[in-house]
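In our numbering, the protein residues as written are 10 to 331.
I should point out that these hints are in silico values taken from the structure, not numbers from a laboratory.
Because the structure is a prediction, the values reported are computed rather than measured.
Heads up, a few of these hints could be off.
[To be verified] Below, computed lysine-lysine pairings styled on BS3-like, alpha-carbon distance capped at 30 Å: (1) LYS175 / LYS111; (2) LYS138 / LYS320; (3) LYS196 / LYS294; (4) LYS171 / LYS149; (5) LYS149 / LYS111.
[Claimed, not checked] Between beta-carbon pairs, the in silico distance windows are: (6) ALA47 / GLN309: 36 to 44 Å; (7) ASN203 / ASN254: 15 to 23 Å; (8) LYS221 / ARG243: 56 to 64 Å; (9) GLN153 / GLY240: 31 to 39 Å; (10) LYS320 / ALA61: 35 to 43 Å; (11) PHE303 / HIS212: 39 to 47 Å.
Where a beta carbon is used, it is the ideal one built from N, C-alpha and C, also for glycine.
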Amino acid sequence: MTTYNYNSELIKAMNEKLPNGTNLANTLIDMLYLGKEAVYRRLRGEVPFTLAEAAAISQKMGVSLDKLAGTNVDSNAIFDLNIIRQTDPLETYYSIVDNYVKIFRDLNHDPASELCTSSNMIPQTFYLKYELLSKFRMFKWIYQFEKIDIDKHFEDIEIVDKLLEKQREFVRESQEFQHTEYIWDDKLFIYLINDIKYFASVHLISQEYVQKLKKELLQLLDELEEIATRGTFRTGQEVCIYISNINFEATYSYIASPAYHISLVRVFAINSFATRDEQVFNSVKEWIHSLKKFSTLISQSGEMQRIKFFKTQREIVEGLCV
10 MTTYNYNSEL IKAMNEKLPN GTNLANTLID MLYLGKEAVY RRLRGEVPFT LAEAAAISQK
70 MGVSLDKLAG TNVDSNAIFD LNIIRQTDPL ETYYSIVDNY VKIFRDLNHD PASELCTSSN
130 MIPQTFYLKY ELLSKFRMFK WIYQFEKIDI DKHFEDIEIV DKLLEKQREF VRESQEFQHT
190 EYIWDDKLFI YLINDIKYFA SVHLISQEYV QKLKKELLQL LDELEEIATR GTFRTGQEVC
250 IYISNINFEA TYSYIASPAY HISLVRVFAI NSFATRDEQV FNSVKEWIHS LKKFSTLISQ
310 SGEMQRIKFF KTQREIVEGL CV
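Could you put together the complete structure from these sequences and hints?
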């Protein structure tokens, strides 16, 4: 592919990513820190984009350089692994949460924005606002990767205020999308209850904190039932909640606007693999929506199923004792 054709294809791909009415030149000036004339020379094809500039465009706009260069293999996709650095896990985790807050904030005011998740665990978009529940997820991850002493207790782990506030911001921004859908495994709470029971059985969580976690879980259930009954978040944005009649093995999500697509697969308890690859996005989207065939809508409808679901979840939580 010639330099001219490469530039043309890159420019074409960028225009396809931008919302209607957005000026590409102004976007590139801000993104690449180039002067106005330098940007226009590139857009006219007089000067090629450098590799560093193309890489920055790929990272920030989700343009696939493989596809532009004609070297893309259909079965390959680039994933952001979001791996938490073990030398400083809390700081890295903060950066990951902060990155999603920025993505949410950039997209959720678009009139066509949507967030959809099929989840076999309590979604982070709900539990991260609860101090002890979010702390437990972090505790489990740190303990599993042996980053704390074997004798250190749950109550001894400190989560800094900066992270707590960023998690609450994550929840707030996640509820500003114009349309949100959740498909929940009906064993949503069982897995977490079993985890808490295990750590209590090996004396890493005291009875006092088991009861505090139980209290937050009941508060979370009250919040979820209120949202499901209303069919909207307190922000006023629409949300559809389905309960799956079949179990599924992982949590999948996608975030979308006309100019931005990202899909996520949850891994390692507290983070997700993420990609902007269009084929992966379409596959994840198709998978999530296919689950509706086996699911019951409980938001603003399905009253009997909704009551039964939350009654069952409360019974599971009430059984949390050691």
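(request) Starting from the hint 36 to 44 Å, judge whether the C-beta atoms of ALA47 and GLN309 obey it. (result) 53 Å, violated
(message) For LYS171 and LYS149, compute the direct alpha-carbon distance and say whether it is at most 30 Å.
(response) Within the cut-off at roughly 20 Å; holds.
(message) Assuming the hint says 39 to 47 Å, is it satisfied by the Cβ distance from PHE303 to HIS212 or not?
(response) Since PHE303 and HIS212 have Cβ atoms about 40 Å apart, the given range 39 to 47 Å holds.
(request) Using the beta carbons of LYS320 and ALA61, state whether their distance is inside 35 to 43 Å or not. (result) 58 Å, violated
(message) Tell me if the straight-line CA distance from LYS149 to LYS111 falls inside 30 Å.
(response) Holds: LYS149 and LYS111 sit about 26 Å apart, inside 30 Å.
(request) Take the C-alpha atoms of LYS138 and LYS320, compute the straight-line distance between them, and say whether it is at most 30 Å. (result) Within the cut-off at roughly 23 Å; holds.
(request) May I ask you to test the hint 15 to 23 Å on the CB atoms belonging to ASN203 and ASN254? (result) 22 Å, holds
(request) For the pair supplied as a hint, LYS196 and LYS294, confirm whether the alpha-carbon distance does not exceed 30 Å. (result) 22 Å, holds
(request) Could you say whether the range 31 to 39 Å given as a hint is met by the Cβ separation of GLN153 and GLY240? (result) 37 Å Cβ-Cβ, so the 31 to 39 Å window holds.
(request) With a cut-off of 30 Å on the C-alpha distance, tell me whether LYS175 and LYS111 pass. (result) Within the cut-off at roughly 11 Å; holds.
(request) Indicate whether the distance between the beta carbons of LYS221 and ARG243 respects the range 56 to 64 Å. (result) 24 Å, violated
Comparing the model with each earlier hint shows violations of hints 6, 8 and 10; every other hint is respected.
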